[in-house]
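A.B. asks: These are the residues of each chain, in order.
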Amino acid sequence: MGKRFTTLAGAVALSLTLLNGAANAADPEHGKLVFGQCAGCHMVGDGAQHRFGPSLNAMLDQPAGSATGYDYSAALQKAADEGLVWDVETLDEFLQAPMQSMPGTRMAYPGLNSETDRIDVIAYLSTFTSQAATSAESEQAKSTEVEERPLAADAELPSHGVLHIGREATPDEITAWDIDVRPDGTGLPAGSGSAIDGTDLYDSQCAACHGVFGEGEGRWPILAGGLDTLTEERPEKTIGSYWPYLSTVYDYVRRAMPFGNARSLSDDDVYAITAYLLYLNDLVDEDFVLSSENFSEIRLPNENNFIEDDRALEPAFVAIAEPCMSDCIEGEAKITQRARILDVTPDAE
Amino acid sequence: MMKKDNFQPARRRWLKRSLTVGGAAAGVATGATALASGSESLITEVQDWNRYLGDGVDANPYGMPSKFEGEAIRRDVAWLTADAKSSVNFTPLHKLEGIITPNGLCFERHHGGIAQIAPEDHRFMINGLVDTPLVFTMEDLKRFPRHNRTYFLECAANSGMEWRGAQLNGCQFTHGMVHNVMYTGVMLKDILAEAGVKASGKWLLPEGADPSHMTRSIPIEKAMDDCMVVFAMNGEALRPEQGYPLRLVVPGWEGNMWVKWLRRIEIGDQPWHHREETSKYTDLLADGRARRFTWTMDIKSVITNPSPQAPINHGRGRTVLSGLAWSGHGTVSRVDVSIDGGRNWHTARIDGPSLSKSVHRFYYEFDWDGRELFLQSRAIDEKRHIQPTKQALREARGENSIYHNNAIQTWYIAKDGTAENVEIS
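If you read the protein sequences in the order shown, they are chains D and P. Here the first sequence is numbered in the numbering used here, starting from 1 and rising by one per residue. Here the second sequence is numbered in the numbering used here, starting from 1 and rising by one per residue.
These aren't lab readings, by the way, just hints derived from the structure by calculation. Any given hint might turn out to be false.
Stated by the list, open to error - Derived pair list, reagent style DSSO-like, types lysine-lysine, alpha-carbon separation capped at 30 Å: (1) D:Lys32 to P:Lys85; (2) P:Lys95 to D:Lys334; (3) P:Lys85 to D:Lys334.
To be verified - Derived list of chain D stretches under chain P, where covered just means 3 residues or more per stretch with a C-beta under 8 Å from a C-beta of chain P: (4) 29-42; (5) 111-117; (6) 302-308.
Where is the CB? At the ideal position from N, CA and C, for every residue including glycine.
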């Protein structure tokens with residue numbers, strides 16, 4: 001491990017333990033992108049606060065669990081008491097599989113498989129030990145080489161279209177981007193997954209935000225329950241109570257979740273998680289297996305309660321000849337409700 | 001819990017100042033003293049800025065607003081969402097003039113943070129029911145005929161917090177999920193013509209390149225009518241938070257459909273019913289049914305000054321009331337203003353360009369006698385749609401629709417000039 005660290009340059013490297021081996025430099029720029037996976041739970045930089053996880057500023061070469069004001073799990077506390085210090089090596093091991101390397105940690109995150117990703121994200125985190133490191137990072141000389149420009153007349157005109165602009169997309173490119181799924185099953189990849197497999201995936205990759213039962217932690221979205229609440233004062237709109245089509249679940253989870261690590265799930269993983277979300281909504285049994293074969297047979301309970309836009313039929317829309325201009329309402333205006341009573345407006349400063 | 005005082009910074013400053021100056025002129029900040037003669041030292045004494053040199057032309061390669069305009073900023077409501085990367089902030093409507101929203105003040109709504117994409121790394125694909133699926137670079141797109149159009153973009157959830165009653169004290173928060181921008185780009189129909197849409201192609205699915213991979217279904221008629229693919233706003237490249245380098249413009253329709261970081265449009269024969277048109281952006285009615293595909297943003301207006309964040313500071317006398325009106329159905333033909341809570345109405349003066357599906361600026365000048373006021377505005381569009389009352393909307397839809405609240409807003413003006421979001425009978 002740690003090969004990529006040897007050539008890590010300047011201030012960034014100061015606080016890092018240099019390890020054996022040779023190869024590429026650690027790349028904090030790339031690490032910043034990888035950190036996108038962590039950013040749902042951790043903040044770094046100016047004004048970083050604790051969120052679901054502690055702020056990760058100035059954490060390198062410090063004892064684990066030393067962010068003030070953050071309430072660590074017993075597991076992390078214990079590791080800290082036993083002398084765990086976060087350096088490149090310990091972080092590398094922890095980030096590979098947090099829940100295995102520290103059973104009982106609250107960091108419900110499966111880990112970074114790629115060593116490059118781990119080293120780069122550590123390099124990125126190390127830039128938050130001192131201000132100098134961050135500014136050094138941005139000073140990169142631009143290449144001044146002059147490119148030779150092809151002659152305009154040599155350019156080939158494509159045959160398609162009217163203006164002949166653009167080029168034909170390759171089948172591989174279309175497959176890479178065209179992942180959308182429709183209610184009739186168009187776009188579903190071949191494959192399958194069981195609610196049982198979905199349990200583990202969900203617990204490790206989704207539950208931290210959406211809750212173990214899909215009830216939603218804090219203000220994160222709720223995914224299950226809420227049946228028969230749509231006419232109540234506070235309706236709970238979930239996959240089971242509101243969503244019309246199962247294809248939407250598959251499509252959305254595959255394109256956008258887990259938050260901060262989109263497109264990381266395999267097609268079968270998404271089948272398994274979708275099956276488990278059906279189970280959490282009491283729509284299938286725990287031994288249910290969802291596949292491209294049986295997908296279209298599954299109907300969600302609220303499918304028939306969606307109607308097309310008929311706003312134009314509302315009384316307010318049916319054009320009134322001429323709106324009233326004077327003496328329109330009898331008596332003086334009286335306040336019936338004030339925003340100040342609720343006072344939910346944020347601070348304007 | 002916040003204190004109401006936070007909303008009258010201008011007023012507090014005023015009170016402080018009027019102690020020293022005695023109520024002559026509203027203005028900013030510092031060191032003014034009134035002499036016994038009634039003269040102001042600001043005039044009778046040479047000020048620092050009269051004497052010492054200011055910054056040179058090399059100080060600000062990209063200019064910023066005056067340091068005295070610190071109040072004109074986007075603000076968010078932290079408790080609304082779990083994470084700032086999937087959240088929204090609001091345009092400071094009370095600080096704007098005219099019809100154009102400056103780029104740095106356009107409200108933001110992201111579902112996976114702001115993607116940073118180098119234009120040379122951006123690709124735009126058209127695929128699905130077309131003769132030739134195509135890939136374009138940003139340079140390719142700039143070779144189509146270019147058009148400049150000014151449109152409002154309103155989030156369908158604008159004013160969504162107000163369905164159940166007056167909640168947020170300031171037009172920035174009640175109405176600030178709208179902005180109005182002049183876009184430069186190309187007509188979507190010109191791009192589609194390059195790929196050749198098949199006769200069976202009835203729907204489009206635009207998709208973003210950000211981590212939410214935003215998608216919405218759009219009928220082909222709209223695409224062929226006035227949709228644009230744009231790369232510039234108000235004369236400069238799109239801002240990253242508005243989809244740099246490429247976004248879709250869907251004039252008059254829900255902001256959510258204006259996909260940012262646009263990387264692909266697929267043509268199909270049916271809608272896709274994706275998350276943002278099922279779980280979200282469907283309007284739940286009182287009987288438990290929900291409307292879907294409610295695309296058009298209806299006629300709407302709001303008085304921006306005075307309003308809770310912009311109270312009347314000058315005492316009684318000549319008062320300029322100002323506001324914004326817009327409709328997804330076309331131009332705004334008229335705005336009426338009431339100062340007595342809808343008993344009597346006065347037709348306001350629309351000033352500046354009147355463009356289809358663009359914000360209109362209106363004014364109503366009157367002499368305030370210092371009594372309590374209930375300010376309302378009621379807009380009418382070219383198709384004769386009249387902005388409804390809150391009561392009419394609630395009777396038709398209940399209180400759980402979240403989206404498409406275009407009701408008439410009431411500001412209460414107290415005798416001291418402060419303003420408050422209220423509901424009245």
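A.B. asks: Each of the hints needs a verdict: does it hold here or not?
C.D. replies: Hint by hint, here is what the structure shows:
Restraint check for Lys32 (chain D) and Lys85 (chain P): the C-alpha separation of about 15 Å stays at or below 30 Å, so the hint holds. The suggested pairing of Lys95 (chain P) with Lys334 (chain D) holds, with an alpha-carbon distance near 29 Å, which does not exceed 30 Å. At most 30 Å may separate the alpha-carbon atoms for a hinted pair to count; Lys85 (chain P) and Lys334 (chain D) exceed this at roughly 41 Å. For the stretch 29-42 of chain D, the proposed coverage by chain P is satisfied: 3 residues have a C-beta within less than 8 Å of a C-beta in that chain, meeting the threshold of three.
Only residues whose beta carbon comes within less than 8 Å of a beta carbon in chain P count, and the stretch 111-117 of chain D has 0; fewer than three means the coverage is violated. Taking a C-beta to C-beta cut-off of 8 Å, the stretch 302-308 of chain D contributes 4 residues in contact with chain P, enough for the three needed, and the coverage statement holds.
Hint compliance for this structure: hints 3, 5 are not met, and every other hint is.
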